[in-house]
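J.: Sequence:
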Amino acid sequence: MAAKLGCVVGEPDEAGGRAKPALLGSLSGSAKILEEFGGTWHQAERVYLFANWPMLEAALQHLAEEREKSRLR
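Residue numbers (the numbering used here): 21 to 93.
Hints are computed from structural coordinates only; laboratory data are not their basis.
The calculated SDA-like cross-link candidates involving lysine to any residue, where the alpha carbons are at most 25 Å apart (straight line), are: (1) Lys52 - Ala39; (2) Lys24 - Glu86; (3) Lys89 - Gly45; (4) Lys24 - Arg66; (5) Lys89 - Ala51; (6) Lys52 - Glu88; (7) Lys24 - Ala51; (8) Lys52 - Trp73; (9) Lys52 - Gln63; (10) Lys89 - Met21; (11) Lys89 - Ser46.
Just the calculated beta-carbon pair ranges, DEER-fashion: (12) Lys52 - Pro74: 17 to 27 Å; (13) Asp33 - Arg93: 38 to 48 Å; (14) Arg93 - Glu31: 27 to 37 Å; (15) Ser90 - Glu55: 13 to 23 Å; (16) Leu92 - Ala51: 16 to 26 Å; (17) Leu92 - Ala64: 34 to 44 Å; (18) Arg38 - Arg93: 34 to 44 Å; (19) Glu88 - Asp33: 26 to 36 Å; (20) Thr60 - Lys89: 18 to 28 Å; (21) Arg91 - Asp33: 31 to 41 Å.
Don't be surprised by glycine CBs; every beta carbon is placed ideally from N, CA and C.
Input sequences plus hints: build the corresponding full structure.
T.: Take a look at the structure:
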């Protein structure tokens with residue numbers, strides 16, 4: 021799903037040793053949506069970090085639905 025949206029997912033290492041799901045890609049127009057789903061911008065890594073995979077997946081699903089709606093308009 022991320023690839024369809026022009027993004028990449030992964031788990032960059034955090035300073036405390038615990039990796040978090042992350043989303044990297046051209047997402048500047050989607051910042052508000054990502055933050056609504058718990059994403060936080062990590063400036064140094066230039067990714068949105070999420071607490072867990074289900075939250076990241078929900079954000080991606082919502083973004084895909086929004087893009088589909090706007091495409092159909």
